[in-house]
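For the sequence shown, this note's numbering assigns the number 1203 to the initial residue and increments by one for each residue that follows.
It should be emphasised that the hints constitute simulated quantities derived from the structure, not laboratory data. The model shown is predicted, which means the values in this text are computed figures rather than measured ones.
Distance condition first, Cα-Cα at most 20 Å in a straight line; then the derived SDA-like pairs of lysine to any residue:
hint	residue 1	residue 2
1	LYS1220	ARG1232
2	LYS1220	VAL1230
3	LYS1271	GLU1246
4	LYS1220	PHE1268
5	LYS1271	VAL1302
6	LYS1271	ALA1221
7	LYS1271	ASP1205
8	LYS1228	GLY1247
9	LYS1228	HIS1210
10	LYS1271	GLU1238
11	LYS1271	GLU1204
12	LYS1220	ILE1233
13	LYS1220	HIS1210
14	LYS1271	ARG1229
15	LYS1228	GLU1246
16	LYS1228	PRO1245
17	LYS1271	GLY1257
18	LYS1228	VAL1269
19	LYS1271	HIS1261
20	LYS1228	GLY1278
21	LYS1228	ALA1280
22	LYS1271	THR1295
23	LYS1271	LEU1292
24	LYS1271	LEU1226
25	LYS1271	THR1244
26	LYS1271	PHE1223
27	LYS1271	ASP1212
28	LYS1271	ALA1213
29	LYS1228	GLU1277
30	LYS1228	THR1244
31	LYS1228	PHE1275
32	LYS1228	PHE1268
33	LYS1271	GLY1287
34	LYS1220	ALA1234
35	LYS1271	GLY1203
36	LYS1271	ILE1233
Estimated spans, in silico, between C-beta atoms of each pair:
hint	residue 1	residue 2	range
37	GLU1299	ALA1213	32 to 42 Å
38	ASP1212	ALA1237	17 to 27 Å
39	GLU1215	ALA1280	34 to 44 Å
A virtual CB, placed ideally from N, CA and C, is assigned to each residue, including glycine.
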Amino acid sequence: GEDGQLGHGDAEELREPKAVFALLGKRVARIACGAEYTLAVTPEGVYSWGWGDFGRLGHGDSNDSFVPKPIAFFEGRAVATVSCGDTHTLVATSPGELFVFGRNQNGQLGLGDRD
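Go ahead and model the full structure; you've got the sequences and the hints to work with.
Given below as structure tokens:
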């Protein structure tokens, strides 16, 4: 896809399924898709790629990523599930913690503010 959300290292559209080579052998357990970005949960951690505006990829910046990149914050944490909104991301851990990041224009992060 145009913002790298397919994870193949380019912006090309695909009309047939193609493996995401960066995740081969990673035992993907869960996936979620937002507006031009994608997350995957593996036993090793959480990977994100695609359009990075507003920090929605969780890498501490707003850069796009055209291939899956591990989110350093979640290394060593047992992640249960992920969910993507239009421009924000939620990650729930197995102990029941909820982490949010990305755009908070309408308070969608649930932090009590809109910053």
